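Dock chain B against the given chain A, drawing on the hints supplied.
So you can see what is in the structure, the chains are spelled out below.
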Amino acid sequence: MSILLLPILTVIVRSGDDGDLVRRLQERDASAMGDLYDRYGRIAYSVVLRVVRNQAVAEDLVQEAFLRIWTRIHGFDAEKGSLGGWVLTVARNRAVDYLRSLEGRERERTTELARGDEPAVFADFEKDLLNTDRVRLLRGAFEKLNTNQRTVIELAYFEGLSQTEMADKLKQPLGTVKTWVRSALQTLRQELVGAAAV
Amino acid sequence: MTCEQLRDSYELYALGLADEPEQTAILEHLGDRCPVCSDGVNHARALNASVLALAPDAAPPARLRRRIMAGIGAEPERQWGWSWVWAAAAAAFAIVAFVYMGQVRETNRQLAYARSELGRTASELTNTAADRSRLEQAIQLLEQPDTEQVSFGGAAAQPPRGRVILNPRRGVLLIAANLPPVAAGRTYEMWLLPKTGGPRPAGLFQSAATGTAIHFLPGAVDRSQIAGVAVSVEPATGSLSPTTTPIIVAKL
Numbered sequence: 001m002s003i004l005l006l007p008i009l010t011v012i013v014r015s016g017d018d019g020d021l022v023r024r025l026q027e028r029d030a031s032a033m034g035d036l037y038d039r040y041g042r043i044a045y046s047v048v049l050r051v052v053r054n055q056a057v058a059e060d061l062v063q064e065a066f067l068r069i070w071t072r073i074h075g076f077d078a079e080k081g082s083l084g085g086w087v088l089t090v091a092r093n094r095a096v097d098y099l100r101s102l103e104g105r106e107r108e109r110t111t112e113l114a115r116g117d118e119p120a121v122f123a124d125f126e127k128d129l130l131n132t133d134r135v136r137l138l139r140g141a142f143e144k145l146n147t148n149q150r151t152v153i154e155l156a157y158f159e160g161l162s163q164t165e166m167a168d169k170l171k172q173p174l175g176t177v178k179t180w181v182r183s184a185l186q187t188l189r190q191e192l193v194g195a196a197a198v
Numbered sequence: 001m002t003c004e005q006l007r008d009s010y011e012l013y014a015l016g017l018a019d020e021p022e023q024t025a026i027l028e029h030l031g032d033r034c035p036v037c038s039d040g041v042n043h044a045r046a047l048n049a050s051v052l053a054l055a056p057d058a059a060p061p062a063r064l065r066r067r068i069m070a071g072i073g074a075e076p077e078r079q080w081g082w083s084w085v086w087a088a089a090a091a092a093f094a095i096v097a098f099v100y101m102g103q104v105r106e107t108n109r110q111l112a113y114a115r116s117e118l119g120r121t122a123s124e125l126t127n128t129a130a131d132r133s134r135l136e137q138a139i140q141l142l143e144q145p146d147t148e149q150v151s152f153g154g155a156a157a158q159p160p161r162g163r164v165i166l167n168p169r170r171g172v173l174l175i176a177a178n179l180p181p182v183a184a185g186r187t188y189e190m191w192l193l194p195k196t197g198g199p200r201p202a203g204l205f206q207s208a209a210t211g212t213a214i215h216f217l218p219g220a221v222d223r224s225q226i227a228g229v230a231v232s233v234e235p236a237t238g239s240l241s242p243t244t245t246p247i248i249v250a251k252l
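Residue numbers (our numbering), protein chains in the order written: chain A, 1 to 198; chain B, 1 to 252.
Next comes chain A alone, as it looks inside the complex (with noise of 0.2 Å):
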């Protein structure tokens, strides 16, 4: 398998304004949207398009989490939330989710909320989750992984697969499966928050 993540994030996320964004939104300001579409759009088109390689789907799905964003956004707290990662999240699910009807793999056990739609579960985040330095940090960490850890990594972020899962595509054990995700979340997470730390 040669999956390649070629990590090219050329969009400026702009993210120090979502406080007054979300309360445009709240207060059903049409104009708001437009400008979150502005804002996160073209991100949101990148995950979606990534995850089901379709243009014509990946159109109608972000027009959908567009849309969720904006029915649910009375519980999104403009003081705390994170409103890119929320938007992200909310895009990738709905990709993921369509992913899996196709292959007849339907979800089991897992909630929105665990998986982050409900707006409450992204409060309390650092509200600059998208920022270019974090992003560029994050990719040089993510070119420090192996050939195998980057696919494990590709395979739960963007195809929405499970361990157990994976280990079946990739015809591995799943013991020597989950020893790839785990070591390569492990270089992630240490990799900001050591430069968290700094």
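Take the hints with a grain of salt, since some may be wrong.
[Stated by the list, open to error] With a straight-line Cα cutoff of 20 Å, these simulated EDC-like cross-link-like pairs (lysine to aspartate or glutamate) come out: (1) A:LYS178 <-> B:GLU4; (2) A:LYS178 <-> B:ASP19; (3) A:LYS178 <-> B:GLU148; (4) A:LYS144 <-> B:GLU4; (5) A:LYS178 <-> B:ASP8.
[What the hints assert, rightly or not] Here are some chain B residues the structure puts well away from chain A; computed CB gaps all over 12 Å: (6) CYS34; (7) ALA49; (8) GLN144; (9) PRO145; (10) GLN149; (11) ARG161; (12) ALA177; (13) ALA184; (14) LEU193; (15) PHE205; (16) ASP222; (17) THR237; (18) ILE247; (19) LYS251.
What the hints contain is simulated information worked out from the structure, not anything from laboratory work. All values derive from a computational prediction rather than experimental measurement. By construction, the Cβ of each residue, glycine as well, lies at the ideal position given by its N, Cα and C atoms.
Quick look at chain B alone, frame taken from chain A:
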């Protein structure tokens, strides 16, 4: 399982991909308000969002913005950007293209509807933890000394019944039963009724198949300015003010 044993599963849990027994164990720790797991899952969600931002950059077509704005009724969806001169020159082609695009739009609409129905069904099947979280929020509200609550629907024949729980520092919680089913494309919208001025939107929600619903509006509420809470049936995208007669009015 201990928090230490669960820490490597936080990211997968937040992606909805944790295997058993880790999935259930994390849910239980979160349900017990375990500070280690709560903090770990929060950090995992932050890491997950940042990893998603590593996706290869792709430019969406300009029409996507128009579609999204049209979806909330902000401006009409426009498929054609040609000038009238160019359009006139290509009139014959446009007629053929229009018929074709109409078929494409109808197919897309049907696909979007089917996906929406699938998502709604999946949500109904898997909302236990979400409901549990909301009930925990309700319990937290009830534990506060400055919380007040009011019942509604007791007098009518077959009314929506329930309770509004308000804490001026934490928010407003609505627990309702006997809600009538809403038609496709419609939803319930909660309103805060100020002492002066019109109703203020307080979030959209759906009921379960049994007609029950729990809806929470987090955040501080100026109790001195709020006279009550209402619920009406609105279009799926919500409304700026009620467009139908409220089915619930609870005076505080």
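Consistency of the hints with the structure:
In summary, the hint linking LYS178 (chain A) to GLU4 (chain B) is supported, as the alpha carbons are separated by about 16 Å, within the 20 Å threshold. Taking the CA atoms of LYS178 (chain A) and ASP19 (chain B), the gap is near 11 Å; set against the 20 Å cutoff, the hint holds. For the hint linking LYS178 (chain A) to GLU148 (chain B), the alpha-carbon distance of about 49 Å lies beyond 20 Å, and the restraint is violated. A distance of roughly 25 Å separates the Cα atoms of LYS144 (chain A) and GLU4 (chain B); the hinted pair therefore is violated under the 20 Å criterion.
Taking the CA atoms of LYS178 (chain A) and ASP8 (chain B), the gap is near 10 Å; set against the 20 Å cutoff, the hint holds. No beta-carbon of chain A comes within 12 Å of the beta-carbon of CYS34 (chain B); the shortest separation is about 15 Å. The beta carbon of ALA49 (chain B) is not kept farther than 12 Å from every beta carbon of chain A, the shortest such distance being approximately 4 Å. For GLN144 (chain B), the requirement that its beta carbon stay farther than 12 Å from each beta carbon of chain A is met, with the minimum near 18 Å.
Even its closest Cβ contact with chain A, about 23 Å, leaves PRO145 (chain B) beyond 12 Å, as expected for a residue assigned away from the interface. The claim that GLN149 (chain B) lies off the interface holds: its Cβ sits roughly 20 Å from the closest Cβ of chain A, which is beyond the 12 Å cut-off. Distance to chain A confirms ARG161 (chain B) as a non-interface residue, since its nearest Cβ pair spans about 23 Å, more than 12 Å. At roughly 21 Å from the closest C-beta of chain A, the C-beta of ALA177 (chain B) stays outside 12 Å, upholding its exclusion from the interface.
Once the 12 Å rule is applied to beta carbons, ALA184 (chain B) is consistent with being away from chain A; the minimum gap is 15 Å. Look at LEU193 (chain B): its CB is around 16 Å from the nearest CB on chain A, clear of 12 Å, so calling it non-interface holds up. A cut-off of 12 Å between C-beta atoms contradicts the statement that PHE205 (chain B) is not in contact with chain A; the least separation is 9 Å. With a minimum CB-CB distance of about 15 Å to chain A, ASP222 (chain B) clears the 12 Å threshold, and the non-interface call stands.
The non-interface label for THR237 (chain B) is inconsistent with chain A: the shortest C-beta to C-beta separation is roughly 6 Å, within 12 Å. Chain A leaves ILE247 (chain B) outside its interface by the beta-carbon criterion, the shortest separation being 19 Å against a cut-off of 12 Å. The Cβ of LYS251 (chain B) sits about 22 Å from the closest Cβ of chain A, beyond the 12 Å cut-off, so the non-interface label holds.
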